[in-house]
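Novice: Put chain E on the given structure of chain A with help from the hints.
One letter stands for each residue in the lines below.
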Amino acid sequence: MAESKLQKLYLGFYDWLDERTGVKEITREALDEPIRGGARWAYVFGSVLLFLFAIQVVTGIVLSLYYAPTADHAHVSVSYIQKAVTGGWLLRGLHHYGATAMVIVAVAHLAQTFLFGAYKKKRELLWGAGVLMLLIILGFSFTGYLLPWDQAAYFGTKVGTSIAGEIPVVGSVQQRVMLGGSDMTTVTLSRFFTTHVFLLPLALAGLVGLHLYLFRRATPAGPFHNRDDKKIERFYPKQAFKDSIAILICFVVLVAMAKYYPAELGPVADPTSDYLARPPWYFMPLFQLLKYSPGKWAIVPTVILPAVLFGTLFLLPFFDRREERNPLKRPLATALLVLVIGGSIGLIFLAKYQDRNNPEFAEKLKRQDEEMRAYFDKPFEPQVIGGASSLANGGKPAEPPKAYAENCGVCHGDNAEGNPIAPTLIGVAGKPQRSKEDLLKIIDNPKAYGLKDMPDTLSKIPPEDKQKIVEWLLTLKAQ
Amino acid sequence: MATEHDHDGAPAPERRSFLGVISGLIVAGISTVLGVTIGRYSISPAFSTSNEQEWTDLGSLGEFAEGKLVKKNVIVSQDAGWGKFQSQRSVWIVRNGESVKVFSGVCPHLGCSVNTRADKFVCACHGSEWNVEGSTVAGPTPRGLDTLEFRVEDGKLKIKYQDFKQGLTSKEVLS
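Those sequence lines, one after another, are chains A and E.
So the number in my numbering is just where the residue sits in the first sequence, counting from 1, plus 48.
So the number in my numbering is just where the residue sits in the second sequence, counting from 1, plus 72.
This is chain A alone, in the form it adopts within the complex (with noise of 0.2 Å):
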C-alpha cells in the first residue's frame, strides 16, 4: 500500500534524522516530563509566557525592518509601520499588547507558584531566575515606551528618567548615563534601542535557558497537597492541549485588541508642550504612592518599596523554609500576596478616579487623548528628506509675514515658537479643530473657540493677510 511505503520512508528518515541528531531522545525528553498530579490549568502560565516571549522577539524583529530608531525618524517610521505598512497595525499590535500581556501572565505565573509553594526548597534558584524575569520584563517596558517618540513616551520617560535620577548618591550618575546626556535627546533614543532590542533579550534568553533547565531538574512541584502524589501524566498529551488552549485564547485577545483598540499612537514628542505624563498602568501603583510621598520621602516608593519587594521575593525561598505548601495553612504568605495584588489594583483605580475628578486633569487629558486621535487618524504623510526646500532655505522653515510679525508675534514669539503668555504654534495645523477653516476663523473670533485670552482687535486684520498667516502657520511642522 502507497501509505505504509509513505510511513516506511518516513521512519527511515527518522531513524537516519535520530541517528545524526538524537531527536528522539530530545522530543522525548521535551514531551514526556512527568507531572506530579496531573495536568491541570493551573499550570498554564508559564507556557503561555513563553509564547509570549515568541511573539515579542518576532514582532519586534519585523518591526526593526522599518523602524528608525534616531529623534528625528522613530515618530514617523512608527506611523508608517501603523498606519501604511499592510499588516504594521496587527504586529505592532501584538507587540504593544503582547507586553503587557507579558506582565500580566508573569504575574499570574509568579502567584501560582507563590500560593502553590512552588518556590520551596531545591527550586530557590529556579524562583530567583523567574523573579530577575519580572524585572527584565519591566525593564523592557520601560525602555520600548520610548521608541514611538511620541508625547506620551517622551515625557513618561522624562518623568521615569527624572525618577531614577533622584535616588541619592548615584542617581545623577545614573541619570547621566541613562540619558546619555544632561538632556533627553536622540543618543538617549540609541541607548534605550540598545538596551530593548540587544542587552534585555540576551539577558531575558538566557534567563529563560537557565528557568527551563532548572525545571526540568527539579521537576514540577504538583499540587500543593500530597493526595494526587502517586497520579503521574506526561506533558503530552494533556498538559500540551491545556497550553495550546490557553496559548490560543491569548493569542486570539491579541489579534481583537490591536484590531478593536489599536495600539495607540499620538502627535511626535514636542517638548515644549505642557503634556500631562501618565505611566502605563503597571506602573500606576508607583505613580500613585509617589503622590503621598513629598521631598525626599519620593525614595520611598521609587526605591525602597520596590527593592523590598523584589528583595524579599528574590528570597524568600531562603527564609520560608518550611515543608507546608497549602495555601490555607500559610495564612501570612497568602495575605501578604492578597495584599501586594489587591493593593496594587487599588492605587491603579485610584489614580485613575483622582485623575476622572480632578476637573483641571481631567479636562488636559481628555484635550490630550483627542489631540492623540486626531493624529491617529490622520493618513500617514512621509517625511521628507533633503528636500528642495531645505535645499533653497537652509532647511529653515519659511520666514514668518510681515502681517504675523506686525499682530501675533509679540505673544506667540517671532517664529511661532511660544512664548509664556502664549502657545507655541508650530504643528497647530495637526491639532483637532486646527484645520485651515477653523484657524481663519479663531483669528475672526477667538471667543468662539474658548480662546478667552486672545484679543478681539485680530478681525480689524485685512483678509488677504489673514490668509497669508494661516498660510504660513500650516507650513510650521513640529521636528
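Hints listed in this document are in silico derivations from the structure and should not be mistaken for laboratory results.
Heads up, a few of these hints could be off.
Covered stretches of chain A, as calculated for chain E (at least 3 residues, CB under 8 Å) [said to hold, decoys possible]: (1) 118-127; (2) 179-193; (3) 278-289; (4) 292-305.
As the structure is a computational prediction, the values presented were derived from the model and not from experiment.
Ideal Cβ placement from N, Cα and C applies to all residues, glycine included.
Specialist: Then chain E, alone, in the frame of chain A:
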C-alpha cells in the same frame, strides 16, 4: 529496550492522540497567521514605492552653449518607506541649434556615473564610451546612453527624470 521506557519506569505514551492533533492545529494556525502577515508586511512595501518625477526646469535653452556637453543636477524624489527622499542626480545636455538631447548620467551597463572626456561620454568603471549622439563607441555597455524626455516652454528647458533598468539591450523604465 531502554528507549521505550524513561527513568520513571512509566511506559512511553502513545504519540497519536486527539488532544495532540488539536494542539498541533493550534500551533500551525497561529504560525500561519503570523507567517502570512509577516510575509506581506515585509514584501509589499518593496512594490509600492514610487519614483514618478515631475517636470524639472533646467533654465533657458539659450544658456546651453552650442555643441558642448553640459552637466546639470536635478532633484529627484523617491517615495520609500516612511520618507520622501530627495536627492540629486546628474543629467547631460547637448544642444545643436534647435536640436536638443538630454542624457541620463547613469551608465546603462551597471549603474556607475557617466562623465566626459574631450567630446565623448565615458564611464570610468568599465571603460564604456559614447559619442555626443549617445551611441556606443567602445566598452561593455549593452546600449547607448539613455535619453530623457524633455520639452521647451517659453524658451526654458524642462526635463522629466527617470531611471532605467541596467544590463539590457533595450531601454526599459524602472518603476
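Novice: Run every hint past the structure and note whether it holds.
Specialist: A quick look at each hint next to the structure:
With 4 residues having a beta carbon nearer than 8 Å to a beta carbon of chain E, the region 118-127 of chain A meets the requirement of three or more and the stated coverage holds. Requiring three or more residues with a Cβ within less than 8 Å of a Cβ of chain E, the coverage given for the region 179-193 of chain A is violated, as only 0 such residues are present. Here the region 278-289 of chain A counts 7 residues with a CB under 8 Å from a CB of chain E, which clears the bar of 3, and the coverage holds. Counting residues of the region 292-305 of chain A whose CB lies closer than 8 Å to any CB of chain E gives 6, so the stated coverage by that chain holds, three being the minimum.
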